[in-house]
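Taking the hints into account, I'd like the entire structure generated from these sequences.
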Amino acid sequence: MANMSPKKNEMPVQAPEIRCRNFDEVALGYSEETAIDEAKRCLNCKNMPCVEGCPVKIHIPEFIAKVAQGDFQGAYDVIYKSSSLPAVCGRVCPQERQCESKCVRGIKGEPVGIGRLERFVADWYMKNGKAKANDVVKNGKRIAVVGSGPSGLTCAGDLAKKGYDVTVFEALHIAGGVLVYGIPEFRLPKDIVKREIENLKALGVEIVTNAVIGKTETVDELLEDGFEAVFIGSGAGLPRFMNIPGENLNGVYSANEFLTRTNLMKAYKENSATPIIHAKRVAVVGGGNVAMDAARCAMRLGAEEVYIVYRRSMEELPARREEVEHAQEEGIIFKTLNNPVEILGDENNFVRGIRCIKMELGEPDESGRRSPVEVPNSEYDLEVDAVIMSIGTSPNPLIRNTTVGLDTDRRGCIITKNEGGLTTKTGVYAGGDAVTGAATVILAMGAGKSAAEAIDEYVKSK
Amino acid sequence: MFLIKEKTELNPTVTKMVVDAPRVARKAQAGQFIILRVDEEGERIPLTIADYDRGLGTITIIFQVVGATTMKLNQLNKGDFIQDFVGPLGKASEVEGFKKVAVIGGGVGCAIAYPTAKALKENGAEVHSVVGFRNQDLVILKEEFEEVSDKFVLMSDDGSCGEKGLVTDALRKLVEGGEKYDMVIAIGPLIMMKFVCLLTKELGIKTVVSMNPIMIDGTGMCGGCRLTVGGEMKFACVDGPDFDGHQVDFDEVIRRSSMYRETESKHREETCNLFKEAQK
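So the sequence lines, in the order shown, correspond to chains E and F.
Mind the numbering: the first sequence is residues 1 to 462 in the working numbering, read in order.
Mind the numbering: the second sequence is residues 1 to 280 in the working numbering, read in order.
These aren't lab readings, by the way, just hints derived from the structure by calculation.
Backbone N, C-alpha and C fix where the C-beta goes; we use that ideal spot for every residue, glycine too.
Among the hints, a few may not be true.
Distance windows between CB atoms, simulated [claimed, not checked]:
id: 1; chain 1: E; residue 1: D407; chain 2: F; residue 2: E179; range: 28 to 34 angstroms
id: 2; chain 1: E; residue 1: S31; chain 2: F; residue 2: M1; range: 51 to 57 angstroms
id: 3; chain 1: E; residue 1: N243; chain 2: F; residue 2: K100; range: 46 to 52 angstroms
id: 4; chain 1: F; residue 1: M1; chain 2: E; residue 2: K138; range: 26 to 32 angstroms
id: 5; chain 1: F; residue 1: E9; chain 2: E; residue 2: E224; range: 39 to 45 angstroms
id: 6; chain 1: E; residue 1: G368; chain 2: F; residue 2: Q75; range: 57 to 63 angstroms
id: 7; chain 1: E; residue 1: N243; chain 2: F; residue 2: Q75; range: 27 to 33 angstroms
id: 8; chain 1: E; residue 1: D135; chain 2: F; residue 2: D39; range: 55 to 61 angstroms
id: 9; chain 1: E; residue 1: I333; chain 2: F; residue 2: E9; range: 50 to 56 angstroms
id: 10; chain 1: E; residue 1: D407; chain 2: F; residue 2: D158; range: 55 to 61 angstroms
id: 11; chain 1: F; residue 1: K100; chain 2: E; residue 2: D381; range: 49 to 55 angstroms
id: 12; chain 1: F; residue 1: L203; chain 2: E; residue 2: L361; range: 54 to 60 angstroms
id: 13; chain 1: F; residue 1: E252; chain 2: E; residue 2: D135; range: 36 to 42 angstroms
Simulated crosslink set (DSS-like; lysine-lysine; CA at most 30 angstroms straight-line) [claimed, not checked]:
id: 14; chain 1: E; residue 1: K66; chain 2: E; residue 2: K161
id: 15; chain 1: E; residue 1: K138; chain 2: E; residue 2: K335
id: 16; chain 1: E; residue 1: K190; chain 2: F; residue 2: K151
id: 17; chain 1: F; residue 1: K151; chain 2: F; residue 2: K180
id: 18; chain 1: E; residue 1: K141; chain 2: E; residue 2: K460
id: 19; chain 1: E; residue 1: K190; chain 2: F; residue 2: K173
id: 20; chain 1: E; residue 1: K266; chain 2: F; residue 2: K266
id: 21; chain 1: E; residue 1: K7; chain 2: E; residue 2: K138
id: 22; chain 1: F; residue 1: K234; chain 2: F; residue 2: K206
id: 23; chain 1: F; residue 1: K234; chain 2: E; residue 2: K266
id: 24; chain 1: E; residue 1: K162; chain 2: E; residue 2: K194
id: 25; chain 1: E; residue 1: K66; chain 2: E; residue 2: K130
id: 26; chain 1: E; residue 1: K201; chain 2: E; residue 2: K57
id: 27; chain 1: E; residue 1: K417; chain 2: E; residue 2: K102
id: 28; chain 1: E; residue 1: K269; chain 2: F; residue 2: K173
id: 29; chain 1: F; residue 1: K201; chain 2: F; residue 2: K151
id: 30; chain 1: F; residue 1: K91; chain 2: E; residue 2: K425
id: 31; chain 1: E; residue 1: K269; chain 2: F; residue 2: K121
id: 32; chain 1: F; residue 1: K27; chain 2: E; residue 2: K141
id: 33; chain 1: F; residue 1: K173; chain 2: F; residue 2: K121
id: 34; chain 1: E; residue 1: K201; chain 2: F; residue 2: K27
id: 35; chain 1: F; residue 1: K72; chain 2: E; residue 2: K266
id: 36; chain 1: E; residue 1: K194; chain 2: E; residue 2: K138
id: 37; chain 1: E; residue 1: K81; chain 2: E; residue 2: K57
id: 38; chain 1: F; residue 1: K72; chain 2: F; residue 2: K99
id: 39; chain 1: E; residue 1: K280; chain 2: F; residue 2: K266
id: 40; chain 1: F; residue 1: K194; chain 2: F; residue 2: K16
Structure (structure tokens):
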């Protein structure tokens, strides 16, 4: 009997006033009963519109049907066919713009909580599941993957499942890319990432840390060393700044630096030796997921007031809806339609404030969003002691500068010729932020997945 | 894990280590750096490559014990392992096509200046080295410098070795004595590099400095190492570490280098106390 409730089962969460001072996970996850109840809201549509909305094409109605029957292992097996990192996707995908946006139940009410169910299944599996015997038949062919973020791990996982010997090269000292240095503990516990990576290792994927491709070795050398193909998933790289006065004052961080200090270098732990400024009042410039993460980390590190300074309005915020809501509940103040014009310093060159100008929305620009224009003479100063710039990144030059025949576009993004991520260099594929510029985890995973297919075809046709 | 094959104390606060790191050694060039983490909980610190041996697969690092991390590193001995060791990072120094170069080293910066002096010599340049230390006890790499230099000048703040005075005094004297340099390379404390640059600007000699700012990943991701060069924002890790010294905003770099002074001294204090406890 279908559950015809127009509303999703609520996700249990830590109370805002408590969670805004700790780094434990915010969302606590469905219980078995709630999961089954939510799964029963799925109408099991024949044409499966939700699958269309999923970048890695998980067989959504099929796994949800298994959940409804209480067959959680079965549900996991369905998801795992399409996704190598289900516990990650269930937590960080913008489902409201993907699978759930296509759900028929969403027409007259709320869509099925697909993301929450995916997370439930993945978490259930981590606790109770039985690892399947590794019955992959190795084909003896080696593939190199550059970067161990979402696109690299997905590509590696899919290729390993097809029998390839995959080696992943990671520049940092641990694997996971943005999943470990960027996304904070309270949104994606590092234990979960670690276990997903352990699953990949069990499939035979080898991970080499402390290897900066473009420096320690080049892509061309990897090909000479006998790798049949190389997948570049090196991420977005260099943080952007605004080119306004005061950006080099002490207390101005890129979001990458602030999050890396907090997460990867563990400044969130009380006795950590990692230096970080524990600011009382913080302005985060930008409106994406990274900006929300930085703002909520700053709050948890002890800030009393945290502002999001964003030049468009609430409607245009690119962040995942749930993150915006959680940030608001935690007391983050949204200064939308505001743009910084200068960062102000004290006599010791530490940040003392940020000068903003008010904005209003004008005509739509090429992105289709109404472009913000300055309101004349509306400057005002906001008193803050740290500023975090979260306005995107541009691709890292290390690989493009050292790889013969690898073309990049005007912005420095690697040019790909088709959906499979083939670059202008034979045998070299790319995906994720290195191709698109800063985007989402799931889009990167989708790219890693298509590239794995393309690499498999390429190697077979060789 | 990376094996420490040799450890030598060059002076009471400066240590040399030879580390087994064949992947890094294969590519290392003068002017590049590595990033290391002493242990699982450690921070990432950048250190310039002082020497390398591709055949043996080793990298030599020379560091001054200044903070909690270098203190922990200095506790390790021959036969111990360093948790993480990544590189070579940054761009190599330009060492080709020079006729006569003055290499200026200050304090532990001499450890970085030496491989550059050596590489310049190997590439056919006449090398004049001017190295400065606070006093006789702190002198490092004297013989090494002498070996690769056509002219070698040792300076000390207190006159306890070499000539009494600053490296800038020595450089001015050389130039006024008729030496003509295509280039000056200055590596040492920020304040020294700043004053060398002020002098060479006046003398009209191209000057390259090596910057070693606060850094985390060393691959361009965090932007913590940014500095202003010729009015533009640059990242020392990927755009440097060598820059045109006449374009660097030294005052800004000096201010940024003090960002964590308070936290650092606190952690150093705590680490010292831990070691004291352990020795009881």
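Does the structure break any of the earlier hints, and which numbers would those be? 1, 2, 3, 7, 8, 13, 15, 16, 19, 21, 28, 31 and 38
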